[in-house]
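Make the full structure from the sequences, and use the hints.
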Amino acid sequence: MNRFLYYLILLNMVVNIVVEVPKILIDHSHRGAITSMLLALVIGVSFNWIVIKLFKEHPGRSLPELLHDYVPSWISKPILLYFAFTWFFAGFLSIAAFTFLLKRFLTPEMSTYIIISTFVFLISYGILMKTQSLLNSVELILVLNLPIVIFLISKVYSDRSMEWDYVKVALTYSNNPPDYSAVTAAIYPLLGIVNIIIFNRHILEKVDMRMKQFFIILLAGAATLFTSYFIPLGYIGFGVSENVQYPWILTSDSIRLKYGLIERFIFIFLLIFLSLSFLNTTIHWHVAQKLLDSFHRTKKLIINEKDYNPYVWIVVFWVITFIGIGRMTEYQLFLYGKYFFNQQPLFAVVLIGSLMLIKRGAKKKWKQPAESN
Amino acid sequence: MEAASRIKLVVLSILLLCSSILSACAFKDIDRRLFVSVIGIDPAEKIENGFKVTLKIAIPFGAIKQSSRPTFAYLSEEGETVGEAIRMLETHVDKVLELGHMKTIVINEELLKDDLEEFMNFFVRRGDVQMIAYVTAARPSAETILKVEPNTEAPASISFFNFFGETGTESPFIVTTYLFEFRRDYFAKGIDPVLPIMETNKDHTELIVNKSLVIGKKGKTLELDSIMTKYYNSLVHKASGFSYKIQQDGLHLLLNLDVVKMHYKILSEGERPSKIVMHIMKSGVVGESNKPLSPKKLSEYDKLAEDAMTKKVRHLLLYLQEENLDPFGFGLRYRASKLHSADPYKAWEEAYPEIDFDIIMKVELKSTGVTE
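If you read the protein sequences in the order shown, they are chains A and B.
Under the working numbering, the first residue of the first sequence is numbered 1, with each subsequent residue one higher.
Under the working numbering, the first residue of the second sequence is numbered 1, with each subsequent residue one higher.
To be clear, the hints were calculated from the coordinates, so they are not data collected in a lab.
Keep in mind that this is a model prediction, so the values were computed, not measured.
Be aware that one or more of the hints could be misleading.
Here are some chain B residues pointing at chain A (derived, C-beta under 10 angstroms) [stated by the list, open to error]:
| no. | residue |
| --- | --- |
| 1 | A3 |
| 2 | D128 |
| 3 | M131 |
| 4 | I132 |
| 5 | R184 |
| 6 | G190 |
| 7 | R333 |
Derived pair list, reagent style DSS-like, types lysine-lysine, alpha-carbon separation capped at 25 angstroms [to be verified]:
| no. | chain 1 | residue 1 | chain 2 | residue 2 |
| --- | --- | --- | --- | --- |
| 8 | A | K77 | A | K130 |
| 9 | A | K168 | B | K265 |
| 10 | B | K275 | A | K168 |
| 11 | A | K168 | B | K189 |
| 12 | A | K103 | B | K28 |
| 13 | B | K338 | B | K217 |
| 14 | B | K366 | B | K245 |
| 15 | B | K217 | B | K296 |
| 16 | B | K297 | B | K366 |
| 17 | B | K238 | A | K168 |
| 18 | A | K53 | A | K206 |
| 19 | B | K147 | B | K189 |
| 20 | A | K258 | B | K261 |
| 21 | B | K312 | B | K362 |
| 22 | B | K28 | A | K168 |
| 23 | B | K338 | B | K189 |
| 24 | B | K113 | B | K245 |
| 25 | B | K95 | B | K28 |
| 26 | B | K8 | A | K306 |
| 27 | A | K155 | B | K238 |
| 28 | B | K8 | A | K300 |
| 29 | A | K168 | B | K261 |
Virtual Cβ for every residue (Gly too), placed ideally from N, Cα, C.
Here it is as structure tokens:
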């Protein structure tokens with residue numbers, strides 16, 4: 001498998017250890033969180049498999065191009081719009097989550113709008129990058145950050161105050177039937193592969209998944225979900241954690257770096273996960289912007305051979321983000337997050353369905369390939 | 001100049017100009033802040049069911065060399081809740097009260113006998129209070145303890161911070177409990193938190209920490225004396241430097257143990273837990289003796305130490321069992337051993353007052369010290 005695909009998958013896993021996913025899972029700790037995670041692991045990894053197999057047949061082509069070539073536009077337009085919205089919303093949610101986090105723990109006196117603007121402006125720069133450069137920066141940031149993430153996580157595992165008995169108590173709840181919301185929340189970290197719909201154009205080689213890769217992703221996913229759900233319980237306690245808004249933040253605040261430069265672990269932890277979340281949001285919005293570009297673009301905005309279409313979409317993103325997050329409460333954030341996770345089956349059906357349509361279209365030559373790029 | 005680059009230049013300069021109207025991240029300078037270092041809570045004298053909050057504030061000064069003693073300011077106020085008292089205290093000073101560096105919470109012993117959820121709520125809900133703050137019980141009152149400025153306190157340091165977490169002194173008599181541990185164990189079923197007790201001497205020049213308090217559910221508390229505190233601490237927190245005194249037949253030994261290992265198993269008879277088998281391994285050297293010792297007889301001394309220490313551990317376990325308190329977390333371990341649908345905790349609650357303890361102690365003395 002191409003290394004960039006690994007990056008996309010891993011990045012999404014690591015980022016989602018922290019905010020909404022563990023909150024939802026811990027809320028379900030008396031209602032089948034463990035069986036849900038197992039189910040989600042199986043579904044999530046097989047979904048990776050299916051998507052990669054379907055894309056394998058179209059090397060070097062992105063989903064919008066394929067839709068344009070093989071599917072009539074009355075079907076492809078709504079699909080593109082739906083995908084664009086999903087990707088935009090994924091990015092929106094992580095910006096919202098980190099805005100609340102920063103406001104709560106790092107800079108309580110700063111205005112929400114200033115926090116959002118720092119996010120949005122930087123991310124916009126990332127959105128406008130070329131897809132290939134974005135992939136390269138993903139590689140760079142991940143290579144720099146992953147060792148630190150591994151250090152942080154291993155510190156959390158090995159700290160003396162970690163009480164494994166609570167984890168074992170949580171395991172005694174493994175005979176509960178899975179819950180829909182918990183399953184969809186647990187699937188979300190495993191879905192990093194879907195960014196392939198745009199990046200496939202620049203990932204030319206080795207888009208394939210064999211048994212070995214299957215097991216690597218399965219293991220990484222299992223480790224992610226285990227860390228995300230069980231480790232906070234060892235610090236916050238089982239049966240006490242349901243009313244905690246940010247289980248992982250409380251967990252990271254419970255660790256003391258006795259000989260560290262900074263005694264409070266939480267600051268290093270927040271900053272590293274913030275940077276990765278930044279990166280993930282950039283990817284989401286880059287994909288959203290590319291999808292919107294193929295949904296609609298006007299020639300009027302091409303001035304002096306420079307295309308200003310992306311800028312229009314970015315301004316739209318800004319406006320929605322500023323108004324949306326400015327008005328949102330923390331409760332709504334978790335509620336919308338839950339809705340977003342709950343609609344994932346629809347997303348999966350649409351994605352696989354459209355890929356099947358493309359397959360059929362390619363076979364029947366429903367429409368001749370218009371341009372070959 | 002081309003049109004495009006001119007537009008870029010204009011946009012860039014507008015952005016730069018905008019930055020001058022930003023209020024510098026709304027950040028207040030360090031000289032407009034007061035760093036609360038310790039917070040003390042007592043029962044209120046004037047308000048019924050209220051709290052009296054005392055803050056110990058570190059006052060910064062220019063150069064450490066100028067001052068021979070640390071400088072502190074104290075603020076006290078009563079309120080119906082902790083938050084309310086602090087809110088009023090904000091109007092007593094000209095600067096922002098900053099709780100982000102607050103590292104010790106001192107609670108009056110009497111308050112620990114009541115419902116604790118109220119404090120916990122304040123400290124956990126506020127994002128800026130560290131979860132790694134130390135929690136300690138105070139005797140006779142939090143205010144007295146807070147106002148102690150020990151003679152050994154150096155400028156630009158606070159002795160409250162050095163006592164715990166093996167930052168400064170390391171002694172098996174000192175139990176360290178972080179806020180998150182206290183909260184976790186207080187709310188969880190099957191384990192009871194233990195807090196160190198902070199005392200002071202007559203003329204308020206020393207802080208003394210060598211006892212502890214087990215906080216049970218429903219406001220039940222139990223004091224552990226120094227010896228029991230030491231045993232609890234060495235078994236649960238693996239506190240080393242564990243000096244143990246043995247007296248037998250006129251032989252008087254003080255052992256310095258540096259390795260302590262403990263693990264235990266809960267045995268069941270049918271559906272009912274019946275016995276706790278505890279394996280303890282200790283190893284170290286002889287630190288003091290009133291008679292000359294022979295290295296050949298080390299295994300004899302081992303035996304002596306094993307017998308004496310088994311007795312002490314058993315005493316501690318039975319003492320806790322009698323009061324139905326469980327700071328070791330046996331109940332939690334038992335809960336983890338069966339599926340939740342079998343409701344193991346109920347069985348445990350019934351069985352714990354009558355459970356047997358089996359202590360298997362192994363002491364390995366490596367040497368008689370520098371001299372025989």
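Hints, verified against the model:
1. A3: 7 angstroms, holds
2. D128: OK, holds: B/D128 within 10 angstroms of chain A, min 6 angstroms.
3. M131: It holds, given that the least Cβ distance between B/M131 and chain A is near 4 angstroms, below 10 angstroms.
4. I132: Hint holds; B/I132 Cβ to chain A Cβ min 5 angstroms, cut 10 angstroms.
5. R184: Hint on B/R184: holds, closest Cβ of chain A at ~4 angstroms, below 10 angstroms.
6. G190: 8 angstroms, holds
7. R333: 5 angstroms, holds
8. A/K77 to A/K130: 24 angstroms, holds
9. A/K168 to B/K265: 15 angstroms, holds
10. B/K275 to A/K168: 20 angstroms, holds
11. A/K168 to B/K189: With Cα atoms ~14 angstroms apart, A/K168 and B/K189 stay inside 25 angstroms; holds.
12. A/K103 to B/K28: 15 angstroms, holds
13. B/K338 to B/K217: Cα-Cα ~23 angstroms, so holds.
14. B/K366 to B/K245: OK: B/K366 and B/K245 at ~17 angstroms, within 25 angstroms.
15. B/K217 to B/K296: 50 angstroms, violated
16. B/K297 to B/K366: 11 angstroms, holds
17. B/K238 to A/K168: OK: B/K238 and A/K168 at ~21 angstroms, within 25 angstroms.
18. A/K53 to A/K206: 11 angstroms, holds
19. B/K147 to B/K189: Outside the cut-off at roughly 36 angstroms; violated.
20. A/K258 to B/K261: 23 angstroms, holds
21. B/K312 to B/K362: 14 angstroms, holds
22. B/K28 to A/K168: 45 angstroms, violated
23. B/K338 to B/K189: Status holds; Cα separation ~15 angstroms.
24. B/K113 to B/K245: Violated. B/K113 to B/K245 sits at ~33 angstroms, over the 25 angstroms cutoff.
25. B/K95 to B/K28: 10 angstroms, holds
26. B/K8 to A/K306: 13 angstroms, holds
27. A/K155 to B/K238: Holds, at about 19 angstroms.
28. B/K8 to A/K300: 20 angstroms, holds
29. A/K168 to B/K261: It holds: about 21 angstroms lies between the C-alpha atoms, which stays within 25 angstroms.
Hint compliance for this structure: hints 15, 19, 22, 24 are not met, and every other hint is.
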